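On the provided structure of chain L, position chain X as indicated by the hints.
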Amino acid sequence: MSDVTRAEIAVVAVAELFRGDGELVASPMGTVPSLGARLARATFEPDLLLSDGQAYLVDGDGTVEGWQPFRKMLDTIVPHGRRHVVMGANQVDRYGNQNISAIGEHDRPAKQLLGVRGAPGNTVNHRTSYWVPRHGRRVFVESVDVVAGVGYDNAAKAGAAAQRFHDVHRVVTNLGVFDFGGPDHVMRGLSLHPGVTEDEVAEATSFPVDCTGASTSRLPTAEELHLIRDVLDPAGMRDQEVPS
Amino acid sequence: MADKRTTVDDAVAELRDGMTIGIGGWGSRRKPMAAVRAILRSPVKDLTVVSYGGPDVGLLCAAGKVRRVVFGFVTLDSVPFDPHFGRARESGDIEVTEYDEGMFGLALQAAAQRLPFLPTRAGLGSDVPRLSPQLRTVRSPYADGEELLAVPAQPLDVAFVHLNRADARGNAQYLGPDPYFDDLFCLAAATRFVSAERVVPTTELTEGGPVQSLLLNRSAVDGVIEAPRGAHFTTAAPDYGRDEQFQKHYVDSAKDPERWPSFVDRFLSGDEAAYRAEIDRFATEVAA
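Note that the protein sequences, when read in sequence, are chains L and X.
Residue numbers for the first sequence follow UniProt numbering, so the first one is 1 and each next one is one higher.
Residue numbers for the second sequence follow UniProt numbering, so the first one is 1 and each next one is one higher.
Treat the hints with care, as some may be off.
[Said to hold, decoys possible] Over the 12 Å line for every Cβ pair with chain L, so calculated as not near, a few chain X residues:
1. S91
2. P152
3. E197
4. V200
5. L214
[Unchecked claim] The calculated lysine-lysine pairs, modelled on DSS-like cross-linking and capped at a C-alpha distance of 27 Å, are:
6. X:K4 / X:K45
7. X:K4 / L:K111
8. X:K248 / L:K111
9. X:K255 / X:K45
10. X:K255 / L:K72
Since the hints were derived computationally from the structure, they do not count as laboratory data.
A quick note: this is a predicted structure, and the numbers were derived from the prediction, not measured.
We treat Cβ as the ideally placed atom computed from N, Cα and C, and that holds for glycine.
If we strip away everything but chain L, and leave its shape as in the complex, we get (with noise of 0.2 Å):
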């Protein structure tokens, strides 16, 4: 199978980051994780409960299972904890901090970008992974400017209420497969996808990344390739957020 894609590899990543979720809201942001989520779904994963984009909760062959508001999500989807979202990132330190909320001096930003959205109360109330398409230095910072998505120190520092339910999981990038599983929770490499060496890793990270430990990312089975190029995503969205 030497033509899968490296965003064929991310796909099945990302399906893997859900494995052993069974009967939990998925909420995956960005074209990888939606297909990764559905091919959980649709592979070992059957149980995973996925929204259409706005209020309803969608089976695998589109019939509506149920209604999520976005109220019913903030009120107790989130705090309820039966919940695995994957979400983007600008930037992300070595703990697992995550901002999508501005670059630069809050106060007056060199850029704008999303504010921090739902990210403070996912990651403290429910398990949070993250895909990061392009993974660079400017990505992969020593510290991030705002502190949205709430990392490993962080949670420490803010005591026993926001450790209980803290589970920052797994960063998936178009390079890897890297947890927090480091001395002190520090990122670390668990799989590199094929091709990818851990210089290209250093190289495309401002913190360092111990791979000396990690894997190769497995290939799709011939049934997820046909999920993924036949049945999710006939029209090539993944190879417009990762370029082979």
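This is chain X only, laid out in the frame that chain L set:
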């Protein structure tokens, strides 16, 4: 029996400089844009705008109406960022109170329930408390002893929301998939205006949708405004979806300070009837 019908300009005439106003909807979804356009035409300024922000926030910033924005995000949904809001932030022209989305809802809920605060986990460990140093925590008096964030109530002087249907007394109905937080905005406010696509006899409300779609009862509404396409260019499903071509035109114009005055001249310098005529003409042009 009170007839609360009024016009969008009469409603906006009740605003005073420095007021705190809540704007319903979410992002670029069912925003009371006719009311926003009326504010643009009015002399009012120095507003504190409380909003799950979209083009409402962008337009008010562009017109110099805003002193502070209380927000969790500002987005146009199909376009991630609003250029006017970005420029207002990057030039340091406005102050902000930046909340987690859930904290924002709790601030309205506390005001609606006449409570000083509501506790939440959301915000702990993030920069939200650092950026709003007036925020305090509260410790559970029970065995768990958890220390949570105490989100202060966010009362509003005036709320503007846009729904699909209303009657003249202020009962109001959403017919799309999501009520957003419009009832909380009204319950948190001293004065409440609902604009609607159509003002109908009360009997038509339950003929048009299930009783659960009656989001506002008349005790939560002071003024009713009939405003067809009053959410344009945001979505007001099922009456209409977002006008993506017009939103793109807004974004392209907003990005370029040279082009923005001609957008204002064409679309924002007359009344709502002139606006509707002009967006019809725009739709014909892009179709041609």
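Quick rundown of the hints versus the structure:
no., hint, verdict
1, S91, "violated, 7 Å"
2, P152, "holds, 16 Å"
3, E197, "holds, 19 Å"
4, V200, "holds, 24 Å"
5, L214, "holds, 15 Å"
6, X:K4 / X:K45, "holds, 26 Å"
7, X:K4 / L:K111, "violated, 44 Å"
8, X:K248 / L:K111, "holds, 20 Å"
9, X:K255 / X:K45, "holds, 23 Å"
10, X:K255 / L:K72, "violated, 35 Å"
Hint compliance for this structure: hints 1, 7 and 10 are broken, all remaining hints hold.
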